[in-house]
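Peer 1: Each chain, letter by letter, is given below.
Number of protein chains: 2
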Amino acid sequence: MRIEEDKLKSLYTGFARKLGADGREAATFATCLLRADIRGHTTQGMGLLPYLVELFDAGAMAFGRAPEIIRDNPASALVDGKRGMGQISGTFAMDLAIEKACACGIGFVSLRGGADYGMASNYAIQAMEQGLIGMSMSTGPVLVAPWGGRDAWFCTNPISLAVPAGSRDPIVIDMATSANSMGRTVLAARDGHKLSGRQLVDTQGNYTDDPTQVILNPMDRESPMAGALLPDGPKGFGMVLIVELLASLLSGERSWQDEHPSDGVNRQAFYGQTFIAIDIAKFQDPAEFAGSAERMVETLNSSRAANGFDRVRLHGGKAAEAMRDNLAHGIFVRDEEWQLAASAARKLGVELPAV
Amino acid sequence: MRIEEDKLKSLYTGFARKLGADGREAATFATCLLRADIRGHTTQGMGLLPYLVELFDAGAMAFGRAPEIIRDNPASALVDGKRGMGQISGTFAMDLAIEKACACGIGFVSLRGGADYGMASNYAIQAMEQGLIGMSMSTGPVLVAPWGGRDAWFCTNPISLAVPAGSRDPIVIDMATSANSMGRTVLAARDGHKLSGRQLVDTQGNYTDDPTQVILNPMDRESPMAGALLPDGPKGFGMVLIVELLASLLSGERSWQDEHPSDGVNRQAFYGQTFIAIDIAKFQDPAEFAGSAERMVETLNSSRAANGFDRVRLHGGKAAEAMRDNLAHGIFVRDEEWQLAASAARKLGVELPAV
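Just so you know, the protein sequences line up as chains A and B, in that order.
Sequence positions in the first sequence follow our numbering and run 1 to 355.
Sequence positions in the second sequence follow our numbering and run 356 to 710.
Any given hint could turn out to be false.
As the list claims (entries may be wrong) - Cut-off 25 Å, straight-line C-alpha distance, at most; resulting in silico cross-link-like pairs (SDA-like, lysine to any residue):
1. B/K673 <-> A/G205
2. A/K194 <-> B/K364
3. B/K590 <-> A/G183
4. A/K82 <-> B/D665
5. A/K82 <-> A/V53
6. A/K194 <-> B/F664
7. A/K235 <-> B/R553
8. A/K235 <-> B/E577
9. A/K235 <-> B/R539
10. A/K194 <-> B/G552
11. A/K235 <-> B/A636
12. B/K364 <-> B/H396
13. A/K235 <-> B/G395
14. B/K590 <-> A/K82
15. A/K235 <-> B/K364
16. B/K673 <-> A/N307
17. B/K364 <-> B/D377
18. B/K590 <-> A/V53
19. B/K549 <-> B/P589
Hints are computed from structural coordinates only; laboratory data are not their basis.
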């Protein structure tokens, strides 16, 4: 089904207000979720609503908790998100990084006390929409074992980079640094597919490509696990570590004191996040940069494909296509996603837009 | 064979002086190569000498070309390396990043006009030795096709992060973002091994795991290729792109104008580099950070191994072991590496230390 943007916006705003958000918080929350929906990532937009209600019921996040700047320097800051809404603290932190980048060339904001902030590229795009290069990375629920290990100590640790490319679709990288995201692994279990390699470890410590050995409830986006996800080899583990070190250890979100690995059902979560903005104008003429970026996109998109591929695809191209389509014809959501979101809204007493 | 550190230092210094370096340049050059040798990465230390002579003969790099700061901001700078020695311009750029980090929290230096700078982690470690977090990444000779493509447009684009861990071995990540480095691919061809996946593309556009289909001279570290290396799937391509965008496009090193893919023999090279330093003290008490990092290393190193693995290994641990051994017993180099280096030295008329 297709829903007009303003109707979805009104749903998200009503949802946030009902949960205690003031007008500004509600608007920020709606902007973040809509950015995901419009780019075709409804699991980080409308799909979040039922999950958010659970987190609220558990007291794990709330509106009205203003992020606090703990340490402030010309190009960097440490922010405490106070376990408020991840979308609110994330937007605040990236705004701060952008301000610092415009003054100093780069802004680097480290956030502890965060919460699920949805789509990592949301914040990178926030900077890109101001003409800057944006980066964001996050830790979160413990799901991933170290390479060579069997117990989960890490989140899937997503990383994102958004770079404007003049009149071409921007390059937007947004990916879990583990071999697979939780969402894709659950989906593979649901569909009975094997993974493309030994990307899971079972409770006996065996590496496997069979998601049904590890995912206990394939109908649950946050399924309990008998085992853990894995990085993609030692190199993938390096990427997981880069995010862990920059987003969690540096912020002080995680001290590794008296910890025990999660059991796959009761997961600890460590939401440390990093927000980086880079002011292109401090390095070269933005018009020249735009020209180079455009040619890069054109050159690669039109380069010769390998056998078995139709073309070379750049990160962010598919999302840009979805965006054009969604803005022209209303935002596409799956029927069951709408039903789940509507049910969560009704539970809270949020008025549903007519669709 | 084992060679004492001061003898190697004297060889490198003599080498640099003979090639026109002043005393300070020669000392910097020797420090960079020794750092690689001591950590067991002699391919980026002694192993570079014969290759450097080739690059000098071709006029591709030279001493005496002082890097120039083109744009300067409180936390960022754009530096032109003037195609001088990569070790000299890299050390200069990281020194600048460290200075900016100590003033602003983070320093981000983008370098164009660079050259082969050896071991990426050399510069990250340079920052780490001052108690900061260091990062470095580089582009270079065109060897890697985009995922889904068949023509080489990218370098193996290494990335490095070095983080101090108190009394424990520091975490030092240093890796090609392509599925394999050129060195490992050549070695696999030499030893007749298949790669662990379809990590190469041949001239017909077929993805293959057989290095002998692509590497034309397995005895040559910089072998000509019939085809290209590949990223590790779409996610690996994302990593290659992150380095390309931050290290090359941002610096203006590469404009993507009127370019054609290399033919596997005559490779273009685009040496753009990024140097990042982060001052831990601007985010938390460095002693607390050291404690958390120590516990992270201890926790992961002692966590349960999966079946088929002896233990969980952290990046940089093996290099730290090699370092202890080399500092105690003299630096280990392979006999043929020494012979090749000695031959290059004799060719230039550099005095050889007695070994």
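Peer 1: Determine for every hint whether it applies to the structure shown.
Peer 2: These are the hints, each one checked on the structure:
no.: 1; hint: B/K673 <-> A/G205; verdict: holds (24 Å)
no.: 2; hint: A/K194 <-> B/K364; verdict: violated (53 Å)
no.: 3; hint: B/K590 <-> A/G183; verdict: holds (16 Å)
no.: 4; hint: A/K82 <-> B/D665; verdict: violated (40 Å)
no.: 5; hint: A/K82 <-> A/V53; verdict: holds (18 Å)
no.: 6; hint: A/K194 <-> B/F664; verdict: holds (23 Å)
no.: 7; hint: A/K235 <-> B/R553; verdict: holds (16 Å)
no.: 8; hint: A/K235 <-> B/E577; verdict: holds (22 Å)
no.: 9; hint: A/K235 <-> B/R539; verdict: holds (14 Å)
no.: 10; hint: A/K194 <-> B/G552; verdict: holds (17 Å)
no.: 11; hint: A/K235 <-> B/A636; verdict: violated (29 Å)
no.: 12; hint: B/K364 <-> B/H396; verdict: holds (16 Å)
no.: 13; hint: A/K235 <-> B/G395; verdict: holds (19 Å)
no.: 14; hint: B/K590 <-> A/K82; verdict: violated (32 Å)
no.: 15; hint: A/K235 <-> B/K364; verdict: violated (32 Å)
no.: 16; hint: B/K673 <-> A/N307; verdict: violated (39 Å)
no.: 17; hint: B/K364 <-> B/D377; verdict: holds (15 Å)
no.: 18; hint: B/K590 <-> A/V53; verdict: violated (32 Å)
no.: 19; hint: B/K549 <-> B/P589; verdict: holds (21 Å)
The structure fails to meet hints 2, 4, 11, 14, 15, 16, 18 from the earlier list, while all remaining hints are met.
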